[in-house]
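Undergrad: So the sequences go chain by chain: P and B. Per the UniProt record's numbering, the very first residue in the first sequence carries number 1; after that it's consecutive. Per the UniProt record's numbering, the very first residue in the second sequence carries number 1; after that it's consecutive.
Keep in mind the hints are simulated off the structure, nothing from the lab. Even for Gly, the Cβ is constructed at its ideal location relative to N, Cα and C. One should not assume that every hint holds.
Stated by the list, open to error - Partial chain P-side listing against chain B, Cβ under 10 angstroms, derived:
1) 10
2) 36
3) 38
4) 76
5) 80
6) 82
7) 85
8) 86
To be verified - Non-contacting residues of chain P with respect to chain B, defined by C-beta distances greater than 10 angstroms in every case (computed):
9) 6
10) 33
11) 42
12) 44
13) 46
14) 47
15) 53
16) 62
17) 63
18) 65
19) 66
20) 68
21) 70
22) 83
There are 2 protein chains.
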Amino acid sequence: MHTQTQNAFRALADPTRRDIVQMLASQDMTIGQLTDRFDMTRAAVKKHLTVLSDGGLITVEARGRERVNRIDPQGMAPVLDWLRYFNQFWDDRLNSLKEAIERKDK
Amino acid sequence: MHTQTQNAFRALADPTRRDIVQMLASQDMTIGQLTDRFDMTRAAVKKHLTVLSDGGLITVEARGRERVNRIDPQGMAPVLDWLRYFNQFWDDRLNSLKEAIERKDK
DNA sequence: CTGTTTGGATACCATTTGGTTTCACATTAA
DNA sequence: TTAATGTGAAACCAAATGGTATCCAAACAG
């Protein structure tokens with residue numbers, strides 16, 4: 001859905017959320033552990049985690065009374081897909097240039 | 001302070017701005033031409049262009065009374081750098097994107 | 001010169017966002 | 001059972017965001 005692309009981009013638009021993603025990339029963490037590393041309340045961190053979850057960038061697993069937040073690499077796919085559009089575009093232009101040069105050589 | 005990475009991510013967080021970037025990817029356009037393709041006022045489009053410019057994703061060239069908005073592939077570099085830094089799983093795909101941009105810069 | 005076209009700037013508005021405080025609930029420990 | 005721990009949810013707030021309407025300036029066309 002287009003919404004996933006939008007939610008993913010929105011999730012990455014905040015520096016705190018990008019920091020969270022980087023932290024979770026090296027280790028799964030609970031809200032409490034994350035909150036210890038930020039200068040904000042647990043409620044604020046929770047909101048960020050909700051946005052990240054909406055963006056499909058993290059998943060949450062209940063373990064006892066704890067919630068383990070885990071990064072979901074697949075959630076980055078919509079972002080990369082959108083960026084890949086330019087990869088195609090630039091490749092096309094590069095190919096056109098190459099072809100033009102080759103025609104000139106003949 | 002607002003880093004270039006933050007400004008670039010922020011610029012891409014809005015769907016209208018991503019649409020603008022895609023439109024400019026295929027053709028340079030004035031603000032008037034862009035406004036014709038959206039259901040919003042010129043002032044609103046102008047604000048989006050300012051955010052895109054702050055993010056380093058576009059450049060503007062004055063030509064007579066017109067201002068030609070042009071995509072700046074280099075502006076995507078901070079985004080790609082961040083994505084590449086945080087997740088090793090996507091290195092291959094991200095490297096292709098980054099190389100395409102670097103080649104075009106030359 | 002006189003309009004007309006193209007674009008920027010400002011003031012204003014409603015909604016969203018990022019944060020807080022507070023309270024409630026469930027699970028573990030004593 | 002009682003207390004402590006880990007979390008979620010709601011109400012609230014200031015600031016940022018995305019939009020509008022309006023006015024103003026510069027460049028082009030007649």
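Undergrad: What hints, given by number in increasing order, does this structure fail?
TA: 2, 3, 9, 22
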